[in-house]
Amino acid sequence: MHIIILALITLFFSCASEVKSPKLYSLPPTKSSRPDLVEKTMFSLGLMTDYEIWEFLRDKPSENVVLDNIGLPDSVWRSENDSTKFLYYFVDKIQDYNIIEIDSYSNQVTGFEWD
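Residues 0 to 114 (numbering that gives the first Met the number 0) make up the sequence shown, in order.
Worth flagging that the hints you see were computed from the coordinates, not collected in a lab.
Heads up, some of the hints might be wrong.
[Claimed, not checked] DEER-style ranges, computed between Cβ atoms:
| no. | residue 1 | residue 2 | range |
| --- | --- | --- | --- |
| 1 | 87 | 45 | 13 to 23 Å |
| 2 | 107 | 79 | 19 to 29 Å |
| 3 | 58 | 9 | 49 to 59 Å |
| 4 | 39 | 80 | 28 to 38 Å |
| 5 | 90 | 24 | 24 to 34 Å |
Beta carbons are placed, not taken as given, at the ideal position from N, Cα and C, and that holds for glycine.
Let the sequences and hints guide you as you build the complete structure.
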């Protein structure tokens, strides 16, 4: 009887699928690390107001859409637990950084501070 139970337990665990962790997206390049990728964007051409950028980010776009519309960040960091990427954009007129937070697993905007 014990052999049958042991065989069933072995069969059950051998058929269990492997639990996969979510894909961790890599950090995007910065303006200084890849100057060859710097392109004119809606933001760099002045075609988006600060309010339009705020509305755009509020819709939680993907990182690729952010990079297409706002451009490469000046600096990029990842949180200690790797859950969030922080994209920093330096703004000359206020001598400060605007920040966009992006989830490292879904690659969607999760928060931002845009002045």
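Indices of hints not satisfied (ascending): Violated hints: none; all satisfied.
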